[in-house]
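Following the hints, put chain B in place on chain R, whose structure we already have.
Protein chains: 2
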Amino acid sequence: MRISVVGLGLIGGSMALDLKANGFASEIIGVDYNEEHCDEALSIKLVDRILSIDLALEQSEVMILATPVQHIVKLLPEVLNKVKSQVIIDVGSTKYPASECVRDHPSRGNYVATHPMAGTEFSGPTAAIKNLFRNKVAIFCDVDLSSKKAIYIANDIFDCLGMPIVKMTSKQHDLHTAYVSHISHVSSFALALTVLKKEKDAQNIFNLASGGFDSTVRLAKSSPEMWTPILAQNAKNIISVLDNYISELIQFRKAIETQDTDALNRIIGEANKIRKILKDPR
Amino acid sequence: MRISVVGLGLIGGSMALDLKANGFASEIIGVDYNEEHCDEALSIKLVDRILSIDLALEQSEVMILATPVQHIVKLLPEVLNKVKSQVIIDVGSTKYPASECVRDHPSRGNYVATHPMAGTEFSGPTAAIKNLFRNKVAIFCDVDLSSKKAIYIANDIFDCLGMPIVKMTSKQHDLHTAYVSHISHVSSFALALTVLKKEKDAQNIFNLASGGFDSTVRLAKSSPEMWTPILAQNAKNIISVLDNYISELIQFRKAIETQDTDALNRIIGEANKIRKILKDPR
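Chains R and B are the protein sequences, given in the same order. Sequential numbering from 98 applies to the first sequence in our numbering. Sequential numbering from 98 applies to the second sequence in our numbering.
Keep in mind that the hints are not guaranteed to be accurate.
Given that identical chains are not distinguished, each listed pair holds provided it fits within a single copy or across any two copies.
In silico BS3-like cross-links for lysine-lysine, where the CA-CA straight-line distance does not exceed 25 Å [claimed, not checked]: (1) Lys294 x Lys351; (2) Lys117 x Lys246; (3) Lys171 x Lys181; (4) Lys246 x Lys181.
These are calculated hints, taken from the structure and not from any lab test. Given the structure is predicted, the values throughout are model-derived calculations rather than measurements.
Chain R on its own, in the form it takes in the complex (with noise of 0.2 Å):
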């Protein structure tokens, strides 16, 4: 099957380098308005070849747009005008706007919005690699509206990639993504932004990052061109929560400042249950 993909960065080129290793695509051409991106993914042996993204449309069975999710919600609607039986499915960290935008377009069926939830905090092309995503879960969204040799095609690259497929509508992956994973973003990006304030002597910060700032600011290292359409399209869902996180930093800080260690054993305690969730093997 030929697979074209729009935007190679680190999700986009992943997903290139795995279907083409385990031989379900025959061919993948690359569509980027970055040309350096082009010609490292050339480089690189992402992709076979580099065209617009209508002569990639032309000549592939199914699209994949992996580009930032303002891109996606210009492209989806212009690609849908010029579909004829191609599949094409985004990779965006939001879904409502996108699934929204064209929600009411003839070729509303040949569209399934998806989000893989795997990544790094890595960007570009040289970020891809290969198994990102084995085992880890993919969003399938709005599924009723998407046509059954679209989902058919749909499951089939999500299989190949080894990812379960989870299904909720648009609106609730929006939601849920906020309350885990937006948030996580938003708290490691002010981590980092008040350790960089407070603490001037850059060597004191490698020195003790090994207390546990190196995972908790981990995220903060993720790219603005990626992070910012997605805090601006989420926005509603993410102040919510981000209202929340506020909440529990104020009380903690009381529980602090009083020295109030049976208020501290018990918020800790708490904490601790996000322990038995994650199923930790220990």
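Frame of chain R; chain B shown alone:
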């Protein structure tokens, strides 16, 4: 050299493993008020014998205090009251209260205040692992109050663990660890609480955790036994950095709410500077 370890948890246990494995310790004597931990430590061969703290002190050349920090400030003066030529090393995560409580003790020279900057989110004797400390930094505090012999032996021990040594005052230590390590734990505990309250469906948390939540929340699995006394002892420094953190979140919230993409790009771009400081190899 015969070494006693008081507090058979992650840190004390992991030190015991390495010091025994590389031959530095001829025998490890374990001390713990928790009998179950004593039995576990014996059965997994973390320690060779279990003794009371008084007998352990009599029979060893070095005693490592690796209990939660509220016990260190209680045990340290008692141990120094009875010390002869032994070297006493504490490895707690706060340093000013410990160093201060024996500042004028006649045997102060026998004591070295240290903090090996390594750990995991697990606790108890079974959490002990080999090479936990390798290539992480050990902080030595107020070294001018320790005797040359005590510093010499402490140097040898941390050298055996593979740790480069950085010196600062105990006051500086507590400030810098609040700025980097302790705030990371507060941020992570509060994140876990927020997500547990907001997202009632544990399966959703599990499914979406690989979107970054898993690493950001790792520290929230840390135990109240260890962290409540750290937060209480270092309250003033932690409150100061926590206030900055809450301010950053409020500014971030404003940029998200107004969908101010310029501000979001700027905030995230600033946060990304942490990448260089953590000397990310990519």
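Provide an ascending list of the numbers of those earlier hints which the structure does not satisfy.
none
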